[in-house]
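Student: Below, each chain spelled out in residue letters.
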Amino acid sequence: MKNTTQHLSARKFKKVGKYSALAIILILLATLPLLNNSAYLVSLVTLIMIYMALGQMWNLLGGYAGLLSLGMQAFIGIGGYSLAVLSVDYGMNIFVAVLIGGALSVLFGLAVSPALFKMTGVYFAIGTWVIAEALMIFFSNWSVVKYAKGIMIKTVYHLSGTQIYYIAVVLGIASVLIVFLIMRSKTGLSLMAMRDNPGAAEAMGVKIFSTKLKCYMIACFITGIAGGVMYINLANITPSASISTQWTIAMTFMVIIGGIGTMEGPIIGSVIYVLLTQYLYNFPGSAMIILGAIAVIAIMIMPNGIMGTIHNKTGFEILSPRRTLSPSIKDILRGSASDTNR
Amino acid sequence: MLQYLVQGILLGGLYAIIGIGMSLVFGIMRLTNLAHGDLMILSSYTALTFCELLGGNLILAAILTIITMIIVGFFIQGFLLNNILDKGSEPALLVTFGVSVFLANLLHKIFSADYRGLANSLSNTKVISTPAVSISAMYLFSFLVAILLITGLHLVMQYTNFGRSIRATSDNAMAASLTGVNTKKTYIYAMMLSMGVTAVSGVLIGCTYTFNASVGSSYLIIAFGVVVIGGMGSLVGTLVGGIVLGVAQLLGSYFFGSGVQMLVAYVVLLIVLATRPNGLFARGARK
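For the record, the sequence lines run as chains A and B. Per our numbering, the first sequence starts with residue 1, numbered consecutively. Per our numbering, the second sequence starts with residue 1001, numbered consecutively.
No wet-lab data here; the hints were simulated from the structure. Glycine is no exception: its CB is placed at the ideal position from the N, C-alpha and C atoms. It is possible that part of the hints are untrue.
The following residues of chain B were derived to be distant from chain A, with all beta-carbon distances above 10 Å [said to hold, decoys possible]:
#1 I1059
#2 I1066
#3 G1098
#4 K1109
#5 D1114
#6 N1124
#7 S1134
#8 I1135
#9 S1177
#10 N1212
#11 S1217
#12 S1234
#13 Y1254
Just a sample of chain B residues kept apart from chain A, beta carbon distances all over 12 Å, derived [as the list claims (entries may be wrong)]:
#14 E1052
#15 I1071
#16 N1083
#17 S1089
#18 N1120
#19 I1147
#20 N1161
Within a straight-line C-alpha distance of at most 25 Å, the following computed DSS-like cross-link-like pairs (lysine-lysine) qualify [what the hints assert, rightly or not]:
#21 B:K1185 with B:K1087
#22 A:K207 with A:K118
#23 A:K313 with B:K1087
#24 A:K214 with A:K118
#25 A:K12 with A:K313
#26 B:K1087 with A:K212
Just need the whole structure built from these sequences, with the hints factored in.
Tutor: In structure tokens form, the structure reads like this:
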């Protein structure tokens, strides 16, 4: 019995430690622009937060829903152009414009989903890519978005770096929270069941199509909004830069390096990606060569990414998608088990 | 209109050659090589380099390119893909994606973003030149090479031991290895064969169009389109797939202007993907 209480307090201690660590990170994020005068650090964290949102959404699809997409850049383009066209040409509030961008992304995702969801595996991956490429050509020939020459988003010029920072932090944290909540919900259980054995999951009453579609819609929405926030930060948009495979490379890189199918993977991945690309600016022209080589080597050495490898070796994870039994129930179970042993 | 139609059919031959390399790899390893387009552009640049070194002897340069690419295929399969294929299809797919990013940017760094082309006598020669139709000898040559390659590969696949071991691995890798086929070795041979064909397509593309390091991904989509429309793993299907895509592209250019010609081809591809996910000529209902 003494043993059990000790175990209990150790668990509680661990839990308290975990929550306080998260709280410290949140407080640091909230006060960073006040504490530090370095505008560079603020802009760096801004980028990390936006990329983190993109990575989380790619991971939700690729890591949890089994939908390997190479075409999420379509929604970055839609989000960015919604911001540009609605705020510059129609004088709309930029936040409303970004939210509408998210909504338009969902509508576009819904429109292509009947065709897209007939495809599986690699067909799905290339299908999404072809749709994005087609959208890019369409935007380059469309008068509303000023053809291929793009739009200067003058409406965001008055925003300070700190304001953009807070927008990005809200986006980044929201994306993590959304994925966490999805994975803790019934949808999350369905997703993991589908991933492990689609046949058995379907037999147990998991609605495969609608669960996947739900995830896809959520990913479209957040990616669209992240695209809008990205272009609040960049302030200049063209079809070839916004609907570019460059974004897909970034998303895949982050998630693969960090660990596909883990909550923390995209977080670690986005930090690594942003710091690495910043560092590689010192080698103009070679950045993407090095990035490609690192990606190949990383997949060869640890196909599960950093978090996946750590988790497999030690069982360590911060944001677990799995619900653990509450300690008291676990102890009762353990107690009764040891009783019978005796 | 007739001009566009004829040219579209001949272009289809060229597209078919691009597709064959991808179809071979997919048919045998169930792997989509996302670096296919960039490997093709790599062979275009290799041919260009050899051509410059040899003082313009394109035929010798083409042969050297084919040999080089076969060696490249050996290294890619032997050192990269064979080590990762056991871990599921997604890591392998992502490795080819990484190779694609690496190659495209490496070529960009070495050869800059300028568009280049392979100088040859065929592309300025017209086989038929009437007011209604005028056909470049290059297009016709590509089409003939496509038919030769497809016939040749078909014969190899059907009647040689090498072909049988490839088909056996493709049908059931486990059973093939039980009957004494070394599947890993077969994968290497298949990739080398695929890269040889890719080298041919790279040289032909270099002769027909100008190219730079960033066009690889659009040829990847074409290769994929050809293979999907024709049915993965079906050789005759790739020719049909190439023609469908080539005609769609050029008729799109005829009706809507050259700016959106690829859009039309992509839409045709998406319609086929959505309605016949196994392609128009898939063997049976196998997945």
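Student: I'd like to know which numbered hints this structure contradicts. Please list them from smallest to largest.
Tutor: 3, 4, 11, 16, 17
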